[in-house]
Amino acid sequence: MAASLAAPAPAKGAWLETWLAAAPAASGELALLQQRGREALRQQPIPSSRNEDWRFTDLALLQTLPLTAASAAAAALPEVASGALRLNWNGSADPLADQALPAGLQRLSADEIAQGLGHTLAAAGCEQHWPVELNHAAAERVLALRVTSRSQVSLELVSAAGAGLQALRLLLLLEEKAELDLSQWIEAQGSGLHSLVIEAHLARGARLSHGLVALGQADAALLAHVALEQEPESDAQLSSVSSGWGLARLEPRAVQVDGSAQTTLRGLQLVDGQRIADTHSFVEFKGPEGQLDQLHKAVAAGQGRSVFNGAVRVPRAAQRTNAAQLSRNLLLSDRARIDTKPELEIVADDVKCAHGATVSSLQTDELFYLQSRGIGADQAAGLLQRAFCEEVLRELPAAARHWCSLERLLEAAA
286 MAASLAAPAP AKGAWLETWL AAAPAASGEL ALLQQRGREA LRQQPIPSSR
336 NEDWRFTDLA LLQTLPLTAA SAAAAALPEV ASGALRLNWN GSADPLADQA
386 LPAGLQRLSA DEIAQGLGHT LAAAGCEQHW PVELNHAAAE RVLALRVTSR
436 SQVSLELVSA AGAGLQALRL LLLLEEKAEL DLSQWIEAQG SGLHSLVIEA
486 HLARGARLSH GLVALGQADA ALLAHVALEQ EPESDAQLSS VSSGWGLARL
536 EPRAVQVDGS AQTTLRGLQL VDGQRIADTH SFVEFKGPEG QLDQLHKAVA
586 AGQGRSVFNG AVRVPRAAQR TNAAQLSRNL LLSDRARIDT KPELEIVADD
636 VKCAHGATVS SLQTDELFYL QSRGIGADQA AGLLQRAFCE EVLRELPAAA
686 RHWCSLERLL EAAA
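Using our numbering, you'd call the opening residue of the sequence shown number 286 and step up by one each time.
Please note that a few of the clues may not be correct.
The following label-pair restraints were derived from C-beta to C-beta distances [what the hints assert, rightly or not]:
#1 D650 x A358: 41 to 47 Å
#2 E676 x E314: 39 to 45 Å
#3 P351 x E574: 44 to 50 Å
#4 T649 x A316: 57 to 63 Å
Everything labelled a hint here was simulated from the structure, so no lab data went into it.
For glycine and all other residues, C-beta sits at the position ideal for the given N, C-alpha and C.
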């Protein structure tokens with residue numbers, strides 16, 4: 286004990302202070318945002334296990350990562366889908382340069398960006414979250430797009446990076462009855478930190494289908510916030526698949542501003558080795574007759590750790606809300622760990638809100654059934670694991686589903 290007390294304690298957040306001190310002066314279209322983020326990081330403590338929301342998420346990996354600007358890399362993906370626009374997005378260059386935008390997709394003006402940036406983050410209650418402030422401090426550009434009323438657009442965003450820090454910031458405005466299929470790919474090809482913040486406002490009757498496929502490696506981290514603000518009759522489906530990250534933390538958040546909207550959340554995370562994957566979701570109904578359909582799945586092997594925390598808030602104004610949340614988890618190793626925690630805060634009295642959580646291993650009777658028909662043990666286990674994952678994979682937008690084979694996910698997770 287005496288030796289421990291006498292040992293000099295490492296400077297708290299020294300790695301972050303070093304990065305802030307070495308960062309170039311704030312500049313460009315996000316200069317004010319950068320200043321705000323850097324000041325916030327100087328004031329806020331780094332999240333730790335003492336914070337309930339970070340109780341299971343060890344951020345020690347961040348201390349070892351290079352935080353110089355990441356170099357862009359090429360992703361090996363199939364050709365762009367017919368009728369879709371693919372943008373290579375690295376957070377520093379303008380992905381719209383020399384691009385002819387399809388009908389219905391427009392770049393937001395500087396005034397619209399100033400007005401809209403941060404609005405949905407505030408509505409979703411996460412504008413001051415530490416990962417968001419980190420993104421504020423580092424982001425050089427914002428990709429800001431409008432989908433015009435009654436238009437249908439398919440967009441692919443591809444981000445692959447080598448070692449270093451990559452900060453991505455996306456602002457979307459979907460006008461009345463606009464429809465957007467957004468397939469997004471994030472890939473780490475070197476040691477580094479990938480920071481993603483998306484905010485999207487869905488006007489009345491708008492529809493957004495967003496599929497995020499994120500493949501990392503053991504010495505890379507992903508911190509992602511996806512915030513939605515939904516007006517009545519809008520329909521939002523967020524699907525995320527992550528595998529391979531030493532640390533992955535995803536926070537999908539949706540607010541139905543006046544109820545009468547549909548939110549669908551799908552998540553799949555695969556962890557092996559000593560990796561950590563953490564999903565914290567938040568849905569708030571601020572009006573009546575809102576709907577939520579949420580399914581989160583995790584596969585944990587080796588000494589991997591999966592965390593899920595799903596918060597649903599139903600105030601008195603949200604009568605006749607219909608919300609269902611299910612967390613299903615597959616434990617493939619005695620040393621792997623899964624923590625799952627639903628949080629339902631219900632004040633309204635005329636609602637249907639259900640939640641459930643399961644943690645299980647591969648079922649011996651199902652394995653026996655397959656093996657009794659001449660299928661080898663390993664192949665039988667693979668088939669069951671595939672069936673478990675497909676329930677989420679098939680919900681991805683078409684392009685993202687085409688990118689995301691289970692074999693590639695398992696290869697990244699190993």
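Point to revise | Range agreement (Cβ of E314 with Cβ of E676, hint 39 to 45 Å) | key: Since E676 and E314 have Cβ atoms about 41 Å apart, the given range 39 to 45 Å holds.
**Study point:** 57 to 63 Å as the expected CB spacing between A316 and T649, which holds or is violated
**Key:** Because 60 Å falls inside the window, the suggested range holds.
Review point. Okay, D650 versus A358 on CB: inside 41 to 47 Å?
Key: 45 Å, holds
Check your understanding: When you take the CB atoms of P351 and E574, is the distance between them in 44 to 50 Å?
Key -> Roughly 49 Å apart at Cβ, these two residues keep to the hinted range, so it holds.
Of the numbered hints given earlier, the model fails none.
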